[in-house]
Amino acid sequence: MRLLLRRDLVCQRAVELVTNYLEGTLSRSARRRFEAHLAGCPHCTEYLAQMRETISLTGRLAPEDLTPQMRDEFVDLYRRWRSE
Amino acid sequence: MESDSELLLRLRSGDERAFVSLVERYQEPMLHLAASFVPSRAVAEEVVQDTWLALLRGLEGFEGRSSLKTWLFRILVNRARTTGTREQRSIPVADPEPAVDPSRFDGSGGWADPPERWIEVAEGRMEAGKLAYRIRAWIDGLPARQRAVVLLRDVEGMSSEEVCTVLALSEGNQRVLLHRGRSRLRQLFEDEFREVR
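Chains as they are written, first to last, in our numbering: chain A, 54 to 137; chain B, 72 to 268.
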């Protein structure tokens, strides 16, 4: 029975649960099953690490600076609005 | 860095520099978001400019029930939706889109072609400043609704609740779109770096 528990979540299904897992929206039993699968599956453990890395890298994108010309245009926009 | 609410206070007292600071903070994120709704960069720029004017005109009435950012992005999305010709509902969320190509699993659902390692290489490239522009391009290539959710959640770091408010999505649909967008990006990282180990 115990062995079956780990096996009843297959990798192909596990990868579809990653976002729910990270968002904390899995039920407690589904979460336990997911974690039990990870404990026995290095590939899905790597997959989860890669999804976390994807989020981390995406979160490090910095906005580009405004060009001086654009900055001037926005100052103009502001002044036009003030004089409305 | 000054908080949005500090900038808002200064802006309300007529400080032009506070406006420029807000533009510096949100112009580019709004352009990327607008582009997921409208057919061209030029139209996106118009929509964003309209949004800034709407912000200035709405300053008096803003009650601060949501954050300034959520309010601003919500104005943007409403305007972009009205202007946009791109059909936002052309791909129903219910359509299946597997996170990983099914051919990578064997008949019993286990990995046949397991994920290739790429984290270390990607980290090195990111630190060298050689990856950000690629990630930008990959995000721009995502289907529109996935792109909007990924931009707000993962690039802008907004909460799922805020994203649902801005995009008028249910929690469930937001999560599905986020899952698909992130899964596509993960695959792109793997494709990019599997050869350079």
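In case anyone wonders, no lab produced these hints; they're calculated from the structure. Because the structure is a prediction, the values reported are computed rather than measured. A couple of the hints might just be wrong.
On the chain B side, residues computed to face chain A include the following (Cβ under 10 Å) [what the hints assert, rightly or not]:
{"no.": "1", "residue": "L79"}
{"no.": "2", "residue": "F90"}
{"no.": "3", "residue": "R112"}
{"no.": "4", "residue": "V114"}
{"no.": "5", "residue": "E117"}
{"no.": "6", "residue": "F133"}
{"no.": "7", "residue": "G135"}
{"no.": "8", "residue": "S138"}
{"no.": "9", "residue": "L139"}
{"no.": "10", "residue": "R175"}
{"no.": "11", "residue": "V221"}
Only some residues are given here: those of chain B computed to face chain A with a beta carbon under 10 Å [as the list claims (entries may be wrong)]:
{"no.": "12", "residue": "E73"}
{"no.": "13", "residue": "E99"}
{"no.": "14", "residue": "A113"}
{"no.": "15", "residue": "S254"}
Backbone N, C-alpha and C define an ideal beta-carbon position, used for all residues, glycine too.
Hint-by-hint comparison with the structure:
Proximity of B:L79 to chain A is violated relative to the hint, the smallest CB-CB distance being about 14 Å (cut-off 10 Å). A least Cβ separation of about 5 Å between B:F90 and chain A falls short of the 10 Å threshold, and the interface hint therefore holds. A hinted interface residue such as B:R112 counts as satisfied when its beta carbon comes closer than 10 Å to some beta carbon of chain A; here the least separation is about 14 Å, so the hint is violated. For B:V114, the interface hint is violated, the least distance from its beta-carbon to any beta-carbon of chain A being 17 Å, above 10 Å.
Interface restraint check: B:E117 against chain A, minimum CB-CB distance 13 Å, threshold 10 Å, status violated. Interface hint at B:F133: violated, since its Cβ lies 15 Å from the closest Cβ of chain A, which is beyond the 10 Å cut-off. The interface hint given for B:G135 is violated, since its Cβ lies 21 Å from the closest Cβ of chain A, which is over the 10 Å cut-off. Interface hint at B:S138: violated, since its Cβ lies 17 Å from the closest Cβ of chain A, which is beyond the 10 Å cut-off.
Interface restraint check: B:L139 against chain A, minimum CB-CB distance 16 Å, threshold 10 Å, status violated. With its C-beta approaching chain A no nearer than about 8 Å, B:R175 sits inside the 10 Å limit, and its interface hint holds. The interface hint given for B:V221 holds, since its Cβ lies 7 Å from the closest Cβ of chain A, which is under the 10 Å cut-off. The criterion of a C-beta within 10 Å of any C-beta in chain A is not met by B:E73, whose closest approach is roughly 15 Å, and the hint is violated.
Interface hint at B:E99: satisfied, since its Cβ lies 4 Å from the closest Cβ of chain A, which is below the 10 Å cut-off. With 10 Å as the threshold, the beta carbon of B:A113 stays out of range of chain A, its nearest partner Cβ sitting at about 15 Å, so the hint is violated. Evaluation of the B:S254 hint against chain A yields a held restraint, the C-beta minimum of about 8 Å falling below 10 Å.
Hint compliance for this structure: hints 1, 3, 4, 5, 6, 7, 8, 9, 12 and 14 are broken, all remaining hints hold.
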